[in-house]
Each structure stands twice: as C-alpha cells, then as structure tokens.
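Note that the protein sequences, when read in sequence, are chains A and B.
For the first sequence, the UniProt record's numbering begins at 1 and goes up steadily by one.
For the second sequence, the UniProt record's numbering begins at 1 and goes up steadily by one.
Hints in this document: simulated from the structure, not taken from any laboratory.
Computed from a prediction, not measured in an experiment: that's the story for all the values here.
Take these hints with a grain of salt, some might be off.
Which copy? The list can't say, so a pair holds if one copy fits it or any two copies do.
Cut-off 25 angstroms, straight-line C-alpha distance, at most; resulting in silico cross-link-like pairs (BS3-like, lysine-lysine) [to be verified]: (1) Lys254 x Lys199; (2) Lys199 x Lys252; (3) Lys222 x Lys252; (4) Lys274 x Lys144; (5) Lys236 x Lys259; (6) Lys222 x Lys2; (7) Lys233 x Lys274; (8) Lys157 x Lys144; (9) Lys74 x Lys33; (10) Lys222 x Lys127; (11) Lys49 x Lys104; (12) Lys233 x Lys2; (13) Lys233 x Lys199; (14) Lys233 x Lys58; (15) Lys58 x Lys157; (16) Lys254 x Lys233; (17) Lys74 x Lys144; (18) Lys236 x Lys199.
Number of protein chains: 2
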Amino acid sequence: MKVAVIGVGLIGGSLALKLREKNFANEFIGIDKSENHLQEALELGIIDKAENLENGVKNADLIIVAIPVDATVKILPQVLDLISENQTVMDVGSTKSGIVAAIKNHSKRHRYVAFHPMWGTENSGPKSAQKESFSGRAAVICDKEDSAEDAFSLVEKVANTLEMNTIFMASEAHDIHTAYISHISHITSYALANTVLEKEREEDTIFQLASSGFSSTVRLAKSHPEMWVPIFKQNKENVLDVLNEHITQLRKFKAALEKENYELLEDLIRNANKIRGILK
Amino acid sequence: MKVAVIGVGLIGGSLALKLREKNFANEFIGIDKSENHLQEALELGIIDKAENLENGVKNADLIIVAIPVDATVKILPQVLDLISENQTVMDVGSTKSGIVAAIKNHSKRHRYVAFHPMWGTENSGPKSAQKESFSGRAAVICDKEDSAEDAFSLVEKVANTLEMNTIFMASEAHDIHTAYISHISHITSYALANTVLEKEREEDTIFQLASSGFSSTVRLAKSHPEMWVPIFKQNKENVLDVLNEHITQLRKFKAALEKENYELLEDLIRNANKIRGILK
Numbered sequence: 001m002k003v004a005v006i007g008v009g010l011i012g013g014s015l016a017l018k019l020r021e022k023n024f025a026n027e028f029i030g031i032d033k034s035e036n037h038l039q040e041a042l043e044l045g046i047i048d049k050a051e052n053l054e055n056g057v058k059n060a061d062l063i064i065v066a067i068p069v070d071a072t073v074k075i076l077p078q079v080l081d082l083i084s085e086n087q088t089v090m091d092v093g094s095t096k097s098g099i100v101a102a103i104k105n106h107s108k109r110h111r112y113v114a115f116h117p118m119w120g121t122e123n124s125g126p127k128s129a130q131k132e133s134f135s136g137r138a139a140v141i142c143d144k145e146d147s148a149e150d151a152f153s154l155v156e157k158v159a160n161t162l163e164m165n166t167i168f169m170a171s172e173a174h175d176i177h178t179a180y181i182s183h184i185s186h187i188t189s190y191a192l193a194n195t196v197l198e199k200e201r202e203e204d205t206i207f208q209l210a211s212s213g214f215s216s217t218v219r220l221a222k223s224h225p226e227m228w229v230p231i232f233k234q235n236k237e238n239v240l241d242v243l244n245e246h247i248t249q250l251r252k253f254k255a256a257l258e259k260e261n262y263e264l265l266e267d268l269i270r271n272a273n274k275i276r277g278i279l280k
Numbered sequence: 001m002k003v004a005v006i007g008v009g010l011i012g013g014s015l016a017l018k019l020r021e022k023n024f025a026n027e028f029i030g031i032d033k034s035e036n037h038l039q040e041a042l043e044l045g046i047i048d049k050a051e052n053l054e055n056g057v058k059n060a061d062l063i064i065v066a067i068p069v070d071a072t073v074k075i076l077p078q079v080l081d082l083i084s085e086n087q088t089v090m091d092v093g094s095t096k097s098g099i100v101a102a103i104k105n106h107s108k109r110h111r112y113v114a115f116h117p118m119w120g121t122e123n124s125g126p127k128s129a130q131k132e133s134f135s136g137r138a139a140v141i142c143d144k145e146d147s148a149e150d151a152f153s154l155v156e157k158v159a160n161t162l163e164m165n166t167i168f169m170a171s172e173a174h175d176i177h178t179a180y181i182s183h184i185s186h187i188t189s190y191a192l193a194n195t196v197l198e199k200e201r202e203e204d205t206i207f208q209l210a211s212s213g214f215s216s217t218v219r220l221a222k223s224h225p226e227m228w229v230p231i232f233k234q235n236k237e238n239v240l241d242v243l244n245e246h247i248t249q250l251r252k253f254k255a256a257l258e259k260e261n262y263e264l265l266e267d268l269i270r271n272a273n274k275i276r277g278i279l280k
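Pulled out of the complex, with its shape left as it was, chain A reads as follows (with noise of 0.2 angstroms):
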C-alpha cells in the first residue's frame, strides 16, 4: 500500500505519522506547493519522499487531499482525473456540500469518499502535526453511497486505523452540524479576540491577567484566514443561520443586564448550563 498525502501540514501530517506507526502502508508521499514544508515532513519523517502531483498521484493506492476547503474544490476533479479504478481519493475538509458538488458528474465520483475528522488545532504546517491527535474522536464519512463499495472500506480502515469513531451523515447535514460544532466557535472567538484587542489598549494587561477560561475562549482566533475564509464561503448559509442565533441569544443577555433582570440572567445561564449534560 502507497499512500500520497496533498497537503503535508497539522492534518495531513498528523494523519500520516498515525498511519505509519499503524504500519498502514509501506511507503507515503508528500505532494505540497511548499518547498519548505515537504522539506520539513521529511525531516520530521511524515513522509518518504516528495513527489509532483502527476506522480504522487498515480503512485499511490490511496490519495489523501489535506488542504484548504476552497483549493480541495480546484484540486480534487484533477486528481479524480488521473486515477485509475484501483486507486482511491479522500478529502478531510470542514465543509461537505461544495466539495461533493465540485465533483459530482465526474466519471470516478465514486473512487471519492467524503471525509472529515473532528480534530483541529489553531496551528498550522508539518511541525504542528501529532500523531496522536485522532484517537477516540469523530470521523464523518458523507454520501457514503456515491462511493464505490472499496473506496469506502479502505477509507473506513483509514478511520479505524486512527482509532476514530466512524459515523455517517449526508454532506448537508454534515454542514449544518459543523456550522454549530465548529465554524460559529470560531467566528466567536475571533469576534472576542477582537473586541479584546479594540476596546483594551493595555496588551500588556491582557497578557498579565488572561485567565484560563479567556486563553481558552480565544485559542481558536489564532487560526489562520487561509483556512478558514474558505469554509465560511463554503458554508455561508449554514454558518449566517447560526451566527444569527449567537448574535439574538447575545442580545437576551444585554436585555437582562440592561434592564438589571437578574432571574432571567439566571435562566440563561441555567439553560446554557444543560451543556454540562451533553458535553462531558
């Protein structure tokens, strides 16, 4: 087994070295537009070699596109392109619906699965990779009947390999679940990294006081736009919808400050509170 990974940064390359140890294949090539960062997933033994995408690709039993959501849309008909019936191709985008629709009349649409682990940091590039990073979270596979019935058990071993937990979703459902598990996080987080930074002059304060419930509030607006502009774009609708009901959910509590309602203060944070039942 060959595995080609495009994109050799925190999820592709944390995928690999999991992978590896797992003996899951025997050889992994690093395809990535950065010269530096393949020179890096050598180094730091992600991959064993470097190749173009022509032959990364036709090497490889398994492609695995680990990019941004919006060059996964450009890349993958290339990719699907120059395989054969014997290869197959993942993606591991945060975003579903457009990725699929890229690609839908493409004639090896279903040497394609739709995949999306539910794990991400706010850094980025090889050096951010851990090989531990998958295990015992979610793996979403999407659409899983557009695929063929190998393509799909290879990915699902791919999954198992990383000890995720395997479910299965259509791509819009997918999108709607992630809009509210992940995409609003972190439109909240770089709304109150700003916030932060327009109305608090002092950054040495910050730095001095920041307490653990803020660093962790604000983590994720350290992630880069490369990223995520492109999932917002992808999943406008889904993340608008949402961002709607953050900004009136908001609006409730200024309500209850404002008009010193502290019964219904409490209510809030009593009903947010029921979090603690589903989020252990």
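Fit chain B to the supplied structure of chain A, relying on the hints for placement.
For chain B alone, coordinates are given in the frame of chain A:
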C-alpha cells in the same frame, strides 16, 4: 499561624491545599454554610477542623473569604466586626469595586486586602480543588494604599507562597480589565451553548461531533449561576460596555458574510490573529 477559609469550594479549597503543602500555617479552619462541603473538605485534607463563623474567625490570624461576590459583600463587614488589629482579612472575588465599597467606612478597613487570583474552572465544590492551580498565574491586589502595611505584607506572602505573579491595580481598573479578560468570555460561552441548544436538537450529534475547538469554547458555559450572576450584577456597566462592543464585532462578521465581502472577512480574521502575539 492559623488560617480560616470561609467557603471551602474550588478557590478556597485550592488555596488551602497549596498553603498547607508549603507549611504556610499550622492550622486550617473551614467555615461553610454547607455541612456537606465541610465534611468533604475534612476528608480531602483541605482543612483541619470546621467551625462556625464567629469561632472560626476569632481564632485565625488570616481569614480568606472565598464565596460568591454577593455573599462576600454581606459577610465582609461582619468579619471585620469580629477581628482585632492583629488579624488580616482577604477575599478572592472576581469583582472588586462593589466589595471595597461595602466596607469603605468600616473602622477595620485597613485590616482587609482586596485580592483576586486569576484562575478558575467551570467546576465547584471541595472535590474540584486543585493544589497547583495558581502557580505562574497573576494575582491582583487592589487599592493597596487602603490596607495596613502588615496586612498587605501577609497577603503578598500568600501570593508568593502560591507562586503567583502579584500585580497592583485600583479596584475600578481591575473591574474594567476583568470585564474583558474574564467576564465577557463567560457570556459568549453561555450564549454559544444556548445557540447550539436552541438550534441543534440532535443532542447525540452534538456529543459525537463536538471537536476540541467547540469543547474549549463552551467549557465556561458549565459555570454555575450562583457564582456568575453576582459577578455580572456587580460589574454590570463594564460588562455591558464590552458586550456591546462584542455584538458590534460579531455584526461585522455577519455583514462580511451577507455581502460576500471575503476581503473584509479576511481582514477581520487577520486582526483577530494579533492575539497570537499577545497570548502565547
């Protein structure tokens, strides 16, 4: 040295555990309205004995008030009534102006030191106390000029024993900074939890999909209203200022998405990324 801790919960318990380990005192007396908490604190080795308010306070050199800020405002004058010129009182509240105002004209005001250790979790009660919670974090002492020199020195020694970095501030400045650095994070987290609970009816999906990003952003939403309603109440004006700014910032993200202005969206994200240079 004898220390009395009023409120043997998360903060009081954590303080006592660390001070004990460092042999700061030879007796730790627990005072708490909850008999269960006192029993747990005894079993966990947080305190040596339990006392009622009057006996506990009278027998201690240092009294640490570690209860919600509304209860602190009520109990602090009573504690000052009970003590002599050889005793010192400190609190740990997340607001300061209201607490300081409550004892402004008390004849023993100078025996009190306004203290705020910048640490907390979403949990409560003696069982959630952690010995190493405070190490390396900021400890704010407010209005130090209003405390007697020996009282101030004793509390500074507490901060050093906890291995905290002490910083000094007026109580009004403290309340502005904590509105940004701590209080707003809790409101956004509560509102985010309510958003998800409102719109995402499939609780199993939340649980299965929840990524590390979501979990860290909504972690604070598990925090109890008994602690947080009084904080928001006492710091209402500052919290409202920051909340209004935060809603304004969220509206910018909304406008960028609605107008499909992805350059603006990228600018907003790049600005938020500046937090990377401030928060390591």
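| Which hint numbers doesn't this structure obey? | 4, 6, 11, 12, 14
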